[in-house]
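So you can see what is in the structure, the chains are spelled out below.
Number of protein chains: 2
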Amino acid sequence: MTTLLTNAWILTLDDALTEHNPGWIQIDGTTITALGSGTPPSITGAEVVDCGGDVVMPGMVNTHCHMGMSVFRGLAEDVDDRLYRYILPLERKFVTAEMVRIGTTLSALELIQGGVTTVADMYYFETEVAEVCDTAGLRAIVGQTLADFDPPDHKDFDEGFARVDELVDRYRDHPLVTPSIAPHAPYSTGLKTMERIAQWSAYHPGVPVQMHLAESTLEVNWAQENHGKSTVAVTRDAGLLKPNLIAAHCLQLDDADITMMSEHQVCVATNPRSNGKAGRGIAPVEKMRNAGLPVGIGSDGAMSGNTLDLFSQFAPVSMFAKLLAGSRKPLPAVDVIRMATIEGARVLSLNLKTGSLETGKQADLIRISLAAPRLHPIYDPYSMLVFATMPDDVTDSMVAGRWLMRDRQVTTLDSGEALADANQIARQFKAEMARIDRL
Amino acid sequence: MTTLLTNAWILTLDDALTEHNPGWIQIDGTTITALGSGTPPSITGAEVVDCGGDVVMPGMVNTHCHMGMSVFRGLAEDVDDRLYRYILPLERKFVTAEMVRIGTTLSALELIQGGVTTVADMYYFETEVAEVCDTAGLRAIVGQTLADFDPPDHKDFDEGFARVDELVDRYRDHPLVTPSIAPHAPYSTGLKTMERIAQWSAYHPGVPVQMHLAESTLEVNWAQENHGKSTVAVTRDAGLLKPNLIAAHCLQLDDADITMMSEHQVCVATNPRSNGKAGRGIAPVEKMRNAGLPVGIGSDGAMSGNTLDLFSQFAPVSMFAKLLAGSRKPLPAVDVIRMATIEGARVLSLNLKTGSLETGKQADLIRISLAAPRLHPIYDPYSMLVFATMPDDVTDSMVAGRWLMRDRQVTTLDSGEALADANQIARQFKAEMARIDRL
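These protein sequence lines map, in sequence, to chains A and B. First residue of the first sequence: 1, per the working numbering; consecutive thereafter. First residue of the second sequence: 1, per the working numbering; consecutive thereafter.
If we strip away everything but chain A, and leave its shape as in the complex, we get (with noise of 0.2 Å):
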């Protein structure tokens, strides 16, 4: 089966920053197999889609998510003590396989139209997750939670393993799903479970390592009182700063940490939105990538960062880099760019695969309408994308040359379903959440 996608101009994200304007992409089963400027190759039978001057562009990887979630969006949002007053117990009592796989349809659904192709998420019960996200086609980093807090899926570690196991297991081979181990934080971790945790890693090299790094003055307080040192310090101690390790936030950072994480070749997820709206802090993301360390974006959970998308996170992160700097000029937009595309992908170890349009790789895009007044004129595409483009903009979405979404219409889900589903988890929350408040 070949698609032809024609008349576009097309954002390659290479490393040369090629445009092909107007440009063609030919797909021949999940695979791109070649793309040019100018006249499109004649292709029997294949399917010709005249994209119309649109925008087509490396579908974007969202580093960090958790998918679950979703069922908490904007959930007693401005409340200080909201996450040991409502979340936790919500958790506890409400967090079942199939919360989660209500919380993970609408979610997905979300980054779709979103124009997200590839997802890292952590979260529990997570062989709903990797379900879910087969059923809607998106390309995903799956990661188990292992943590010491109660949490709804494991009573031990010993509970947490098996359940990592199981989802190893089932998802080794997925041309789509990648299962991933994720402790929750050093702090919520221990050293001793992390290095448990490094051990098993040493033995499955493939499977990415997923955990919260240096994200509040809690962990760095935990850290300095029970070990003396930073957090970052801590987890290399424990074996786990490693080229396949996925650091989610990376806020709590002195340069020395900066330093130690370049030698060991970790990845970042930054959440700007999350981190912000927490009031939490501003991430170095410039000093990271000028260490030498790829830094994607994450939109963290619903709860935390509200929505799923990138454009959401494009004027976060850029405004925080150049607030940082008191200049207009870090982070360049296609910059930012690159970190939800390729960069995104180096981060999830999936650029080989995604996160640009070359010959060879997967066939993971979007196009993007260029309808709405507020896009114009349009000097640079990259600033376009970062400041003005929005998630309703996005009309088409591929993922290994297979459909999810045409002219906005979701093929691959129930939206109606979803969001039914969605709301009636938030009433069983709601009744809750009065039952606390009357106690």
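Rather than coming from a laboratory, the hints here were simulated on the basis of the structure. Note that the coordinates shown come from a computational prediction; the quantities given were computed from them, not determined experimentally. You can take every hint at face value.
Lysine-lysine pairs mimicking BS3-like chemistry, simulated, CA-CA at most 30 Å apart: (1) B:K329 to A:K287; (2) A:K430 to B:K329; (3) B:K430 to A:K329; (4) A:K93 to B:K329; (5) B:K155 to B:K242.
Start from chain A and add chain B according to the hints.
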């Protein structure tokens, strides 16, 4: 002519934050004549619009904009000296009445599509802006700029005052368009001319004054070097700190400045995205509001902030307040929506006419679709509006009882013509920029 909106989730933004859900609003001519919950009245001959459970809320108030500048959107985004290298030369060469008309039309489309029903503008050839807003049906404060840097429409302040007088003469009694005088900034107006404006203003108490204030360190240094005091103090000395001053930006303030502004009951327009993108800093919004200053939200021009809707400003203004405090608690979502509606109207002295849905007020309102998965679940409508809603969710817009947009189609302006005209100007700009780069 009576219009009856039914089956709506009405957020009135009155003092008690009354909601009617499901609710109805009766509009006779330009005015809201009744609203409530439950069964709507039966009115013979009324246009009845069933809102299908959608949110209906006050149209938003953009308190600082340069509508003519949309043709500069995204130009030389990451170039540190772009103002002197490109923008001022382009303005001098190309800004004509016709260019302002084209840029303003493009902006009017975007404002209407983004849920803004009232806009405060300051730029050049401002009678053109007034005419476009009148045609578009937008409520507007339209400010003729006065500046000393050889601006495109007046060679000296006398000519500038003549333009102001013409604007005031033509629009003093217009139902939607309020004329305004707009000294560019203290450093680009100078103490003497600021005093002259203050005297002029004393004879025109109904004419709002708009000015950039405490925006940059350049301005702060100018005030210290030339007057040995803060730029706010210089403005006070000139007699311009008054309740009808709309002060834009207000970044570089100390506590004494805020006290001074509070004593003189100044109004503030904060522009978080513009300030953040330029790396200029974070406005002390919480401090100003706690000191009793009304603070509205502005987009600034598209050259600086790129988009003109207020949804784009909500995450930045929220995150900045929370980052300054190191907590998720400050500036709760409901206060952000207040700033975008009734408090913004107060900043423009239009709060008796617009900014909330109450009997006797003008029917300035928008309808927001809840169809997008990213909006659900909804625990709090204000959180949903601040952190998940996007301009494309706004389906309908009404000002003074007149529909400006129905089902995403702007009824008062021609979108295709505006885009073609704006892109034609952009081609001229690009050619001139290439010429500058060859120099």
